[in-house]
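As they're listed, the protein sequences go chains A and B. Just so you know, we're using the working numbering here: the first sequence kicks off at 1 and counts up by one. Just so you know, we're using the working numbering here: the second sequence kicks off at 1 and counts up by one.
A portion of the hints provided could be inaccurate.
Derived SDA-like pairs: lysine to any residue, alpha-carbon spacing no greater than 20 angstroms straight-line [unchecked claim]:
| hint | chain 1 | residue 1 | chain 2 | residue 2 |
| --- | --- | --- | --- | --- |
| 1 | A | Lys211 | B | Asp69 |
| 2 | A | Lys211 | B | Glu78 |
| 3 | A | Lys92 | B | Phe74 |
| 4 | A | Lys89 | B | Phe74 |
| 5 | A | Lys392 | B | Arg81 |
| 6 | A | Lys392 | B | Leu53 |
| 7 | A | Lys392 | B | Asn51 |
| 8 | A | Lys226 | B | Asp69 |
| 9 | A | Lys392 | B | Glu55 |
| 10 | A | Lys400 | A | Val334 |
| 11 | A | Lys89 | B | Phe68 |
| 12 | A | Lys392 | B | Glu57 |
| 13 | A | Lys392 | B | Gln96 |
| 14 | A | Lys273 | B | Asp67 |
| 15 | A | Lys211 | B | Thr79 |
| 16 | A | Lys392 | B | Ile62 |
| 17 | A | Lys92 | B | Ala76 |
| 18 | A | Lys273 | A | Pro76 |
| 19 | A | Lys211 | B | Phe68 |
| 20 | B | Lys4 | B | Glu130 |
| 21 | A | Lys392 | B | Phe68 |
| 22 | A | Lys392 | B | Asp67 |
| 23 | A | Lys211 | B | Asp73 |
| 24 | A | Lys273 | B | Glu66 |
| 25 | A | Lys211 | B | Thr80 |
| 26 | A | Lys392 | B | Ile94 |
| 27 | A | Lys89 | B | Asp69 |
| 28 | A | Lys392 | B | Val65 |
| 29 | A | Lys392 | B | Glu66 |
| 30 | A | Lys392 | B | Leu56 |
Computed far set for chain A versus chain B, every beta-carbon distance over 10 angstroms [said to hold, decoys possible]:
| hint | residue |
| --- | --- |
| 31 | Val116 |
| 32 | Asp175 |
| 33 | Arg307 |
| 34 | Val416 |
Distance ranges between label pairs, derived from CB positions [to be verified]:
| hint | chain 1 | residue 1 | chain 2 | residue 2 | range |
| --- | --- | --- | --- | --- | --- |
| 35 | B | Ala127 | A | Asp270 | 53 to 61 angstroms |
| 36 | A | Asp270 | B | Val12 | 45 to 53 angstroms |
| 37 | B | Asp69 | A | Lys92 | 18 to 26 angstroms |
| 38 | B | Leu108 | A | Val205 | 53 to 61 angstroms |
| 39 | B | Glu40 | A | Val205 | 44 to 52 angstroms |
| 40 | B | Thr17 | A | Lys92 | 47 to 55 angstroms |
Please keep in mind that the hints were generated in silico from the structure rather than gathered at the bench. All residues carry an ideal CB built from backbone N, CA and C; glycine is no exception.
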Amino acid sequence: MVLATVSSSLIFLVSLGLIFSEKIHRMIIGMAGAALMVIMGKLLGFYSESQALAAVDFNTLGLLLGMMILVALLEPTGFFESLAVWAGKFSKGHPVRLLVLLGTVTTVVSMFLNNVTTIILIAPVTILICEILGISPTPFLMAEALLSDTGGVATLIGDPPNIIIGSAAGLTFIDFLIFSLPIVVVVLLTTLLLLRYLFRRELAVRPRKMKTLMRLDPAEALHDRKTALKVLIVLGAAILLFSISHLFNISPALVALSAAGVALVWVRPDVKKTLEQIEWSVLFFFAALFIMVGGLDAAGVFGNLVRLLEGLNAIPPVWFGVIVIWVVAGLSAVVDNIPITIAMIPVIQGLGAAGIDIGPLWWALAFGAGFGGNGTIIGSTANIVVATLSEKTRTPITAKLWNKRGLPVMLATCAVATILYILAFPLFPR
Amino acid sequence: MQIKEYMKKNVVSIPKTTTIGEAAAVMVEKHVGILPIVNEQDKPVGVVRLNDLLELEMPDFIHLVEDFDFVHDFGAVETTRPTHKQLAKSVVTIMQSVTTIKEDCGLLRAYASMLQNDLNDLPVTAANGELVGIVSLVDIGSAILSMWSKE
Numbered sequence: 001m002v003l004a005t006v007s008s009s010l011i012f013l014v015s016l017g018l019i020f021s022e023k024i025h026r027m028i029i030g031m032a033g034a035a036l037m038v039i040m041g042k043l044l045g046f047y048s049e050s051q052a053l054a055a056v057d058f059n060t061l062g063l064l065l066g067m068m069i070l071v072a073l074l075e076p077t078g079f080f081e082s083l084a085v086w087a088g089k090f091s092k093g094h095p096v097r098l099l100v101l102l103g104t105v106t107t108v109v110s111m112f113l114n115n116v117t118t119i120i121l122i123a124p125v126t127i128l129i130c131e132i133l134g135i136s137p138t139p140f141l142m143a144e145a146l147l148s149d150t151g152g153v154a155t156l157i158g159d160p161p162n163i164i165i166g167s168a169a170g171l172t173f174i175d176f177l178i179f180s181l182p183i184v185v186v187v188l189l190t191t192l193l194l195l196r197y198l199f200r201r202e203l204a205v206r207p208r209k210m211k212t213l214m215r216l217d218p219a220e221a222l223h224d225r226k227t228a229l230k231v232l233i234v235l236g237a238a239i240l241l242f243s244i245s246h247l248f249n250i251s252p253a254l255v256a257l258s259a260a261g262v263a264l265v266w267v268r269p270d271v272k273k274t275l276e277q278i279e280w281s282v283l284f285f286f287a288a289l290f291i292m293v294g295g296l297d298a299a300g301v302f303g304n305l306v307r308l309l310e311g312l313n314a315i316p317p318v319w320f321g322v323i324v325i326w327v328v329a330g331l332s333a334v335v336d337n338i339p340i341t342i343a344m345i346p347v348i349q350g351l352g353a354a355g356i357d358i359g360p361l362w363w364a365l366a367f368g369a370g371f372g373g374n375g376t377i378i379g380s381t382a383n384i385v386v387a388t389l390s391e392k393t394r395t396p397i398t399a400k401l402w403n404k405r406g407l408p409v410m411l412a413t414c415a416v417a418t419i420l421y422i423l424a425f426p427l428f429p430r
Numbered sequence: 001m002q003i004k005e006y007m008k009k010n011v012v013s014i015p016k017t018t019t020i021g022e023a024a025a026v027m028v029e030k031h032v033g034i035l036p037i038v039n040e041q042d043k044p045v046g047v048v049r050l051n052d053l054l055e056l057e058m059p060d061f062i063h064l065v066e067d068f069d070f071v072h073d074f075g076a077v078e079t080t081r082p083t084h085k086q087l088a089k090s091v092v093t094i095m096q097s098v099t100t101i102k103e104d105c106g107l108l109r110a111y112a113s114m115l116q117n118d119l120n121d122l123p124v125t126a127a128n129g130e131l132v133g134i135v136s137l138v139d140i141g142s143a144i145l146s147m148w149s150k151e
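Build out the structure end to end from the sequences listed, making use of the hints.
Written out as structure tokens, the structure reads:
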């Protein structure tokens, strides 16, 4: 059994190392690592094909796929662009008001839909609004990147780490609304206040063409109103069902996939185009990571881990969560938060087996993975997308700028989350 | 039926040392849409087109937003001019590669080259590579069409 433990740990750690190096696409490493894990498991007799299949969390994959299909249908309608135009118009061109509105719109949309899609569609319109006004788009673009990650933390479906955590810990949509949403609201306000201060010079500029902005029409940006309405109705129904699905023992995956099915029947899009919008590499990567972690479990790695971690019982549980928030946040700031989350889950489960109260730790993991990504320009996909987009403009966002304006936001939001975590600690479900 | 019979011989060209601002002034003065850039031997090394200069004033969002039908007024962009620093830069920084044609080239051959490279003007060179003229799509096209009524 020692050989099984060592070989499976080696496969997992080398794969993780390669994923963190970000030199080869993570999906390729995942597939190779998963295949290697199953082959090794068969050779040494600790892991079989059926065990590997059982290790894949189809609840996570189904939920992701269903939401991806809904977004793929909504994306070409101009709905996201129209929201940004509306925010611009409603701000009447006042920079601070524009920051608050665009930031809040991004947060709310990211609560339910993919962060990267939200950013890819809202950021270009933000640049448009700023150019029409004659002001720098940098504060607004950074706010959107920072807040799309923040918004994702608020709900079960907001961000992949939440979906994985929710599935592993059995947390419901309502649990997230009760324990995560209030914290995200405070974090949103903190972020906006801090950005208001950090960008005080840029935001003090009085735009020259406020009247021109008022002539933009959100309805015109929404070029396929019918489809947008259909998808939004289905999405609304799905969100409603998410919040009551646990009462009827329906999995979130079933809700998401049924919603996608209904939307597909109602909209009847060009299937090829819709499927092209699905991020298949993400789904394959998730499946591969689940298979690898399943191999570790079957090889008895977590059993050994639990024995190693038993000494940690001495640390007070509150501080244990605080440590998890900052360690995970620190890691998420430099690498992708998905492998970190999937790797942390067995560790937390191991701690649970060692007798530590892990109920609150799941929330610490969600906050660390969600807010930590804001720390650097490469900390989350949303940040990378915004930076790449800004490179095509006259005012590129550099890593140096991010360290000056983004890192303080990450530190402040993690600090706020830590304080709220400590205060809410007695309330978390066990 | 060679290009040299139809080309404009008084071609306006600029040396590599020209600044962007000076190139713009030449375009305005001579009312042309393309300026071949030549080296000391009068050989073309690149071109700068009207579009390359106008790009300096284009808003960034044009390249990022798929459709801008809902934007009826570009607002501040309309009155944003390139900075003095931008205008003082060498024209070489924005020049495009040049496709030339020899003066003894046939008309259809020249037109095919324009079509393939999506060009509206072709600088014409002598056998030694020296710039001797320039020919536009309209020059070539009308020359070819005029044959139809003659034959």
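Comparing the hints with the structure gives:
Between A:Lys211 and B:Asp69, the direct Cα distance comes to roughly 18 angstroms. Compliance with the 20 angstroms bound is thereby established for this hinted pair. Distance restraint check for A:Lys211 and B:Glu78: the Cα-Cα separation of roughly 14 angstroms lies within the 20 angstroms cut-off, and the hinted pair is therefore satisfied. This hinted pair checks out: A:Lys92 and B:Phe74 have alpha carbons roughly 16 angstroms apart, not beyond 20 angstroms. For a cut-off of 20 angstroms, the pair hint linking A:Lys89 to B:Phe74 stands: about 15 angstroms separates their Cα positions.
At roughly 19 angstroms between alpha-carbon atoms, A:Lys392 and B:Arg81 fall within 20 angstroms of each other, so this suggested pair holds. Of the pairs offered as hints, the one joining A:Lys392 and B:Leu53 holds, with about 17 angstroms between alpha carbons and a cut-off of 20 angstroms not exceeded. Of the pairs offered as hints, the one joining A:Lys392 and B:Asn51 holds, with about 18 angstroms between alpha carbons and a cut-off of 20 angstroms not exceeded. Restraint check for A:Lys226 and B:Asp69: the C-alpha separation of about 19 angstroms stays at or below 20 angstroms, so the hint holds.
Taking the CA atoms of A:Lys392 and B:Glu55, the gap is about 13 angstroms. The hint holds against a cut of 20 angstroms. Annotation: proposed proximity of A:Lys400 to A:Val334 holds, straight-line Cα distance about 15 angstroms (limit 20 angstroms). Note on A:Lys89 and B:Phe68: the hinted pairing holds, with a Cα-Cα distance of about 16 angstroms set against a maximum of 20 angstroms. A threshold of 20 angstroms between alpha carbons decides the hint, and for A:Lys392 with B:Glu57 the separation of about 14 angstroms falls inside it, so the pair holds.
At roughly 19 angstroms between alpha-carbon atoms, A:Lys392 and B:Gln96 fall within 20 angstroms of each other, so this suggested pair holds. Our distance criterion of 20 angstroms between C-alpha atoms is met by A:Lys273 and B:Asp67, whose separation comes to about 19 angstroms. With a CA separation close to 15 angstroms, the supplied pair A:Lys211 and B:Thr79 stays within the 20 angstroms bound. For the hint linking A:Lys392 to B:Ile62, the alpha-carbon distance of about 11 angstroms falls within 20 angstroms, and the restraint holds.
Annotation: proposed proximity of A:Lys92 to B:Ala76 holds, straight-line Cα distance about 15 angstroms (limit 20 angstroms). Restraint check for A:Lys273 and A:Pro76: the C-alpha separation of about 10 angstroms stays at or below 20 angstroms, so the hint holds. Proximity of A:Lys211 to B:Phe68 is assessed by CA-CA distance (about 18 angstroms); at most 20 angstroms being required, the pair is judged to hold. Between B:Lys4 and B:Glu130 the CA atoms are separated by roughly 13 angstroms; this keeps the pair inside 20 angstroms, and the hint holds.
The suggested pairing of A:Lys392 with B:Phe68 holds, with an alpha-carbon distance near 17 angstroms, which does not exceed 20 angstroms. Between A:Lys392 and B:Asp67, the direct Cα distance comes to roughly 17 angstroms. Compliance with the 20 angstroms bound is thereby established for this hinted pair. Annotation: proposed proximity of A:Lys211 to B:Asp73 holds, straight-line Cα distance about 10 angstroms (limit 20 angstroms). Between A:Lys273 and B:Glu66 the CA atoms are separated by roughly 16 angstroms; this keeps the pair inside 20 angstroms, and the hint holds.
A hinted pair counts as satisfied when its Cα atoms are at most 20 angstroms apart, and A:Lys211 with B:Thr80 qualifies at roughly 17 angstroms. A hinted pair counts as satisfied when its Cα atoms are at most 20 angstroms apart, and A:Lys392 with B:Ile94 qualifies at roughly 16 angstroms. Using a Cα cut-off of 20 angstroms, the hinted pair A:Lys89 and B:Asp69 holds, with the two alpha carbons roughly 16 angstroms apart. Of the pairs offered as hints, the one joining A:Lys392 and B:Val65 holds, with about 12 angstroms between alpha carbons and a cut-off of 20 angstroms not exceeded.
Distance restraint check for A:Lys392 and B:Glu66: the Cα-Cα separation of roughly 15 angstroms lies within the 20 angstroms cut-off, and the hinted pair is therefore satisfied. For the given pair, A:Lys392 sits about 13 angstroms from B:Leu56 by alpha-carbon distance, which is consistent with the 20 angstroms threshold. Distance to chain B confirms A:Val116 as a non-interface residue, since its nearest Cβ pair spans about 16 angstroms, more than 10 angstroms. The Cβ of A:Asp175 sits about 38 angstroms from the closest Cβ of chain B, beyond the 10 angstroms cut-off, so the non-interface label holds.
Taking the minimum C-beta to C-beta distance to chain B, about 55 angstroms, the non-interface status of A:Arg307 holds against the 10 angstroms cut. With 10 angstroms as the threshold on Cβ separation, the claim that A:Val416 sits away from chain B holds: the shortest Cβ distance comes to roughly 33 angstroms. With their beta carbons about 55 angstroms apart, B:Ala127 and A:Asp270 fall inside the hinted range of 53 to 61 angstroms. Between A:Asp270 and B:Val12 the CB atoms are about 50 angstroms apart, so this pair conforms to the stated range of 45 to 53 angstroms.
At about 23 angstroms, the beta-carbon gap between B:Asp69 and A:Lys92 stays in the expected band of 18 to 26 angstroms. For B:Leu108 and A:Val205, the Cβ-Cβ distance of about 57 angstroms falls inside the hinted range of 53 to 61 angstroms, so the restraint holds. The supplied range of 44 to 52 angstroms is met by B:Glu40 and A:Val205, whose beta-carbon atoms lie about 47 angstroms from each other. In this structure the hint that B:Thr17 and A:Lys92 lie 47 to 55 angstroms apart at CB holds, the actual value being about 49 angstroms.
Hint check: no violations occur; every hint is consistent with the structure.
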